[in-house]
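Participant: Chains as they are written, first to last, in the working numbering: chain A, 867 to 1243; chain B, 867 to 1243; chain C, 867 to 1243; chain D, 867 to 1243.
Don't read these hints as lab results, they were simulated from the structure. The structure presented is a predicted model; accordingly, all values stated were derived computationally and were not measured.
Any copy will do: because identical chains look the same in the list, a pair fits if it lies in one copy or spans two.
No more than 30 Å apart at the CA atoms, straight line, and that leaves these computed lysine-lysine pairs for DSBU-like: (1) K1161 to K1118; (2) K1241 to K1118; (3) K1118 to K1230; (4) K1241 to K1171; (5) K1230 to K1161; (6) K1161 to K1241; (7) K1161 to K1171; (8) K1161 to K1174; (9) K1241 to K1230; (10) K1174 to K1241; (11) K1171 to K1118; (12) K1174 to K1118.
Protein chains: 4
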Amino acid sequence: MSPHNDAPSPTGSFTTGFNRSFRPSGSETLMTGHLSVGEPHSPLSCSYSSTSLDSAPFHMARPLVPGVYVPTMCFFEEGTEDLDTVTIAHHAVRLARAGVTGLATQGSNGEAVHLTHSERQLVTATTRKALNESGFSHMPIIVGCGSQSTRETIQYCREGWEAGGDYALVLPPSYYAPLFAPSSETIIEFFHAVADASPIPIIIYNYPGAVNGMDLSSDIILQLAEHSNIVGVKLTCGNTGKLNRVAAAARKLSKKHDPDHPEFLVLAGSADFSIQSLVAGGHGILAGLANIAPKACIQTIELYKQGKVAESQTMQEVVSQGDWTAIQGGVVGVKAGLQSWMGYGGVGRSPLPRPSPDQAREWKEGFRELVMLEKSL
Amino acid sequence: MSPHNDAPSPTGSFTTGFNRSFRPSGSETLMTGHLSVGEPHSPLSCSYSSTSLDSAPFHMARPLVPGVYVPTMCFFEEGTEDLDTVTIAHHAVRLARAGVTGLATQGSNGEAVHLTHSERQLVTATTRKALNESGFSHMPIIVGCGSQSTRETIQYCREGWEAGGDYALVLPPSYYAPLFAPSSETIIEFFHAVADASPIPIIIYNYPGAVNGMDLSSDIILQLAEHSNIVGVKLTCGNTGKLNRVAAAARKLSKKHDPDHPEFLVLAGSADFSIQSLVAGGHGILAGLANIAPKACIQTIELYKQGKVAESQTMQEVVSQGDWTAIQGGVVGVKAGLQSWMGYGGVGRSPLPRPSPDQAREWKEGFRELVMLEKSL
Amino acid sequence: MSPHNDAPSPTGSFTTGFNRSFRPSGSETLMTGHLSVGEPHSPLSCSYSSTSLDSAPFHMARPLVPGVYVPTMCFFEEGTEDLDTVTIAHHAVRLARAGVTGLATQGSNGEAVHLTHSERQLVTATTRKALNESGFSHMPIIVGCGSQSTRETIQYCREGWEAGGDYALVLPPSYYAPLFAPSSETIIEFFHAVADASPIPIIIYNYPGAVNGMDLSSDIILQLAEHSNIVGVKLTCGNTGKLNRVAAAARKLSKKHDPDHPEFLVLAGSADFSIQSLVAGGHGILAGLANIAPKACIQTIELYKQGKVAESQTMQEVVSQGDWTAIQGGVVGVKAGLQSWMGYGGVGRSPLPRPSPDQAREWKEGFRELVMLEKSL
Amino acid sequence: MSPHNDAPSPTGSFTTGFNRSFRPSGSETLMTGHLSVGEPHSPLSCSYSSTSLDSAPFHMARPLVPGVYVPTMCFFEEGTEDLDTVTIAHHAVRLARAGVTGLATQGSNGEAVHLTHSERQLVTATTRKALNESGFSHMPIIVGCGSQSTRETIQYCREGWEAGGDYALVLPPSYYAPLFAPSSETIIEFFHAVADASPIPIIIYNYPGAVNGMDLSSDIILQLAEHSNIVGVKLTCGNTGKLNRVAAAARKLSKKHDPDHPEFLVLAGSADFSIQSLVAGGHGILAGLANIAPKACIQTIELYKQGKVAESQTMQEVVSQGDWTAIQGGVVGVKAGLQSWMGYGGVGRSPLPRPSPDQAREWKEGFRELVMLEKSL
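All chains should be modelled from the sequences, with the hints used to inform the complete structure.
Facilitator: So, in structure tokens, the structure goes:
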């Protein structure tokens, strides 16, 4: 049952009670001041902010630690394409029970670009509720908050926090990139403004393929890492040389500023370079393949950390082969894989094409070896 | 004064009374059915649809004719970045009085990607009201409605119509383009679904630079032109060979289907190829430069149509040189030009950089020759 | 019969006697000094330069005037892929008799990247000889001379001149573009160095698709136009706004420097924007479609120049439709069209694929309307 | 002293005596038959082939084993830009003495695109001679042989072999890529034709940045790996997920075909992902940074292989930081680094810009930490 139709209050109930008592660090800009009034665009934040900021329960801290994170897929009902919150909840719990470290809503796999503000909040709130009710209230949720304008990005960060998110994953804006100031000055300003105003810490998302080719260099990432409210980076560019530079310099940053400052978390964006990223100093993955094979992804990394390198390499090979199917198929192929192997998944929102029976069979076969491994763990 | 804060009803008043009595052509999909209930995401459509569909006044038809259309810039208040509806209204009336054929809200120049759903409606409604109150109630408004999902695109079309828009300008979705079905099958399905459900006719927007390089061929455009609710194309790709093919074949289409079917309108997306597009069979322009120099853009085309080709060529050269400044400066440069030459304009929403005084001087100079021409007309 | 095998002297005979008595304008660099000794890499230039520089007949001037130029295709013998000089000669004469203004060897259509230095000279020399022997000794030949290094580009210019070429068409280097100095400084230096040393004047070739996206702006082109040995530009970018700016400014250049300095020639790179480029101030085309339909290309432009605009527009539409086939098919499709309609053409050098019988039929049909028009002229 | 001027015979002496007695495997095509006659374009192959094929000394086999390979830079004399064979020889011996496994001439770092056929042979021959005369006659040389046409690629392979090369590194052709047959059919045919005709085994070079974005998938690479004369791949795409897939499947290939068939060698194209590629199953690197710091590159890998992972990671971080300078500076920056730290290097051939003294100082500093490490080994 999807209560996201024109009735704010039922959905609103999902978002209350998760995160309270926010004292924004850094300066509050006029934009932030404006935001605290609430944006009529999001009934959820409207209903929330008018009642909760003053009567705030304590804020549960969920640290961002090394491990396997999953950018969860989003599920829709057949026909209407409305959010299928039952499946969203089921999927989150399945992944939590498999042992993942955290979940990320509204990543690329989560069809963020197909969701409205309130739908995004409903997904995150549904996920938070399902985790809490299954004994995983300590599990952090990362929320995709990137947007083309600084104000809307900050808006997504607030809404994500209200809905139960702990961290915001932020792509750089790119639509007007040719007009940006040189030497990434505009990009730095953007991330600083967002980090200054966001109630939840920021994870930089470097994914050139999603932003017209814009590739943040290790220099830019490390400059941003100095901000106290920017706590990590997800590298989907596959460049483990850059990952090596970022991880090395980030480690030194922590000694430089504050001994208790947690390490800047460096996550690899795909399962097919898991152990490669670990040997390069990375802290884990935030990878779509874990929607299908969370245990295999986790175990590959565990074996490596335990020093069982040969075993981890053997498992990495199966994971990389399965990831090739996931990379080629994207949302379409992974949903087909989920549907055929786990009995749920459905399809992506239009205009994403629906696989034909033959195509669905191909996607299924492409994941066979990986799923057999997953089932054995 | 910007009434877009958390109070739906005041802004809602702008949108009532413009377009009524919609009988959707083609099939109504479940998505459309869902939409008629209203999306809580847009209080404006909420408040509107619950009252208006049944008690519907007549729908004023504003035909889409050849001429000069302007993708209007959007204006924001200093500091808050809130919509500056006074300037939005003033600008619309200035352009109407200059003699343009129509306006387009939420184009690339209109910073569509920086606006929320309700802000978009406020811009369109403010524009409609200003035109009506200045004696331009016959002037059509085109509304930018492109989105990554079919359902949100349809949503924008409905909201645009409710706010007073007459036509929807639609970019193809591109985020998941690598997963789309080959031979543009997915793109065709997308445009058909939108055209089936939209209360206002669709203009295809071909702008590869804004959609990760996706370039709709003349074949695709002509196939889409066969749909009765797809009535034109804006070509920002600058390819007057393609424009020639599209204009030629579109002309034959009208004889094929229905003698009274208005010609499929082919608009050039930049003022620097105005007369080039006319000699190739185009019907005018939808170009950002007209925000600064509407009369020069109009006169260039008028002279050509009157057979005064040499005079039109002379004027085209001044327009092309001014357009070079506009192309390089984009929203940033054109706003600086407006501000320095016409006394209003402000700056774009963050993250767009603010020009330094030196940069602002450069933009001003880059438009000098064009503005001198404009003032002489 | 293709005498390009291991015997330099027979081929060498084709290149003697065409262009003599070169006094290089500007400074002779050490590179040029080195070049005058001859590069063992090209037996043709070896054999030529050791005998001819001192005993130099007069240099026949062939002015570069507005009109239709053809970047000729290169023809190969079946099986061996050796140069088919008989067909190369036949094709050149057919085009000359159709009334074209000039030919260009080693353009993109001419598979320049598939030819060795000596093969390039053989193509140009064969073309020169065929034209001379058919009464077209006044017809200029443009030679494609672009390369990644300045010295090899200068080498190609010399070799082109020795083989009978009158002008050099030069793409900017692009392989190490990321390392080039900003503000196109490196590109400007490159073109200046080449223009200083080349015995034949330079035509700039702007074709971003062939050079990793590098697009020379109107500013750069106009700066280069000030060099006395840079006499024109071919714009294959299809941007008639840029063409308009370049043509306008180039016209003013001539009054600025020297009243007798011929106009900087601005050529459109595709037949589908012929009249569009003319109304924008262009001087004609250098277009691959003219390999198939030279008369149609010429007549389209002639009608426009005679003021018969409606007739030129009608013909332009047929030309643009045929050009769409040529654009899609490139070397492969155009050769298939030539073969099926004119009885010669063959295929491109490997790795270019050979069309299957079905594909060949498609290419044939795609040119039908255009060829019917051509035959009627 | 650079004997590449118009006198073929002195240079020819360098190429005799290295590789003889070639029995081409697979079919000899007409193209190969034609090539055995020799191409007048290359006096070196002319002079060689006319005398050597029949009176052929034995062919020394130099196996391609895991390790550190260096794509050597090419050196030019100040002013003339002629090849500086003294420095070329000196540099090769310095790298050999540092302990590298092999050298590669005419890689991207070797300014292949700036060299003529005979210059390429001179570089390879000079390198071979210097290695032989310093006690490194067993060290294999890989020669860059990619070209746009199949015939010229085969030509480069023959010339490389004649000049003393043992393996050919081949980029896929890309100029006419839009015309190639789908599913990489054209690419597969190209590599098969080259592998059939080349006297030296082929290493596939996957470097999308150099070939207009063409990225060979693991599927294509593995299909090509089945050819007995295709023996490895250099991955400069940085994608260690793909490297993992290729290395895993290639290992299985050897058991499939022939137990004595040497492993398909998988080399990483940059030093900043050395140990990452090893843990993923790679066999070493072919990386430009080793021109400056061969011992650091070697030692990083040695420590990892000895199980001293933490030490290898520490060294990898210094190497990655130095590689960042090399990546940004390319040929220009690395030559500046060589010049300032090792006293030789010069500059690249025009149009590559010469660094200003300030820029040269920046490049020097960018390599300081790495060079200090290098000197300590």
